[in-house]
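Asks: Take a look at the letters that make up each chain.
Protein chains: 2
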Amino acid sequence: MEKVQYNEYLQEVTDILPGGVFLTVKSGEELNTMTIGWGTIGFIWGKPIFMVAVRDSRHTYELIENSEEFTVSIPFNGAMKEELKYCGSHSGRDCNKFEDCDLTTVKGQMVSTPVIKGCKLFYECRIKFRQVMDAKNLVEEIDLKWYPEKDYHTLYFGEILSCYIDEEVD
Amino acid sequence: MEKVQYNEYLQEVTDILPGGVFLTVKSGEELNTMTIGWGTIGFIWGKPIFMVAVRDSRHTYELIENSEEFTVSIPFNGAMKEELKYCGSHSGRDCNKFEDCDLTTVKGQMVSTPVIKGCKLFYECRIKFRQVMDAKNLVEEIDLKWYPEKDYHTLYFGEILSCYIDEEVD
Chain A
1 MEKVQYNEYL QEVTDILPGG VFLTVKSGEE LNTMTIGWGT IGFIWGKPIF MVAVRDSRHT
61 YELIENSEEF TVSIPFNGAM KEELKYCGSH SGRDCNKFED CDLTTVKGQM VSTPVIKGCK
121 LFYECRIKFR QVMDAKNLVE EIDLKWYPEK DYHTLYFGEI LSCYIDEEVD
Chain B
1 MEKVQYNEYL QEVTDILPGG VFLTVKSGEE LNTMTIGWGT IGFIWGKPIF MVAVRDSRHT
61 YELIENSEEF TVSIPFNGAM KEELKYCGSH SGRDCNKFED CDLTTVKGQM VSTPVIKGCK
121 LFYECRIKFR QVMDAKNLVE EIDLKWYPEK DYHTLYFGEI LSCYIDEEVD
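Those protein sequence lines, which keep their order, are chains A and B. All the letters of the first sequence, read from the start, carry residue numbers 1 to 170 under our numbering. All the letters of the second sequence, read from the start, carry residue numbers 1 to 170 under our numbering.
No wet-lab data here; the hints were simulated from the structure. None of these values were measured; they are calculated from a predicted model. Warning: the hint list may mix true and false statements.
In this list, chains with the same sequence are indistinguishable; a pair is considered to hold if it fits within one copy or across any two.
Said to hold, decoys possible - Okay, derived cross-link-like pairs now, DSS-like style, lysine-lysine, Cα gap no bigger than 25 angstroms in a straight line: (1) Lys47 with Lys3; (2) Lys150 with Lys136; (3) Lys85 with Lys128; (4) Lys145 with Lys128; (5) Lys145 with Lys3.
One chain only, chain A, in its complex shape:
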């Protein structure tokens, strides 16, 4: 793994993100990964920040609410399409995604949560602020389109502690 600046690949990250990347969360001995297509990156509180959003209906929500960390693993060049599809359409409550998709994890460098092998770019983050979305401040068009079940996202602002690429992956 080769260390890179947190913002060195932001154009690639934001191009790839809507198509799916892996959000991995660990709580105690329980580990889960899910496919996310939304997030923002930037600089707040004097720190580089990766903000991810998790609906309270998700299994990942139960884990991340009891954790201070997450990792984001980003496949480049259309890699891992099948795995992303599976991890975005199955719940860790009902299956073990790592076994089902034959995913290999790589130990985190700065956090106890691993990253997903086969991806190109990795972010290790420690949560500094979290807040459930309050629908009263959301425009109606988005509320109706994305939250018909009222399962609002909680926003997790993670300080990026480490960002690196796997130089052996395309």
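Given the coordinates of chain A, assemble chain B onto it according to the supplied hints.
Replies: Chain B in isolation, oriented as in the chain A frame:
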């Protein structure tokens, strides 16, 4: 002005941001600009999003709370250092920053809020979600360091409607 993808200059934006960029807000006939050093950019609700943060003690807060829009104007190559310094250390309550700094505005393309001439890159945004930070979900180290006065930021998530560069500016 030349239209660009919202994420084409993200590395430059995040490199420049901590040193200061202009956040411009208009409410009715009242216009103000302030220097911000924090923000994130990415993709949420199927839309490109620029998130900015404004403390409730700011004059800009009074305006943005009565507005649905903002613009971000980003000077490249160390331009407009003096103007950024002035606009970050004076309040629009007490002075007219545009007159004092001899700032020229350029009409927005998609919003009624203008951008600041002399900058290189511009974002025009419409606010889709806003939320005041709830300190109970903030880690203590950040609370103590950045909010001794308890003047928490409100986070404004703006859909990026237009992103463009001034090809006549370095």
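Asks: Would you mind marking each hint as holding or not holding in the structure?
Replies: Hints and how they fare:
Proximity of Lys47 to Lys3 under the C-alpha cut-off of 25 angstroms is restricted to the intra-copy arrangement: shortest distance 17 angstroms within a copy versus 30 angstroms between copies. Taking CA atoms no more than 25 angstroms apart as the test, Lys150 paired with Lys136 passes in both settings, with 12 angstroms inside one copy and 23 angstroms between copies. When the C-alpha separation of Lys85 and Lys128 is checked against a cutoff of 25 angstroms, the pair qualifies neither within a copy, at 29 angstroms, nor between copies, at 28 angstroms. Taking CA atoms no more than 25 angstroms apart as the test, Lys145 paired with Lys128 passes between copies only; the shortest distance there is 13 angstroms, against 29 angstroms inside one copy.
Taking the shortest alpha-carbon separations for Lys145 and Lys3, neither the intra-copy value of 39 angstroms nor the inter-copy value of 28 angstroms comes in at or below 25 angstroms.
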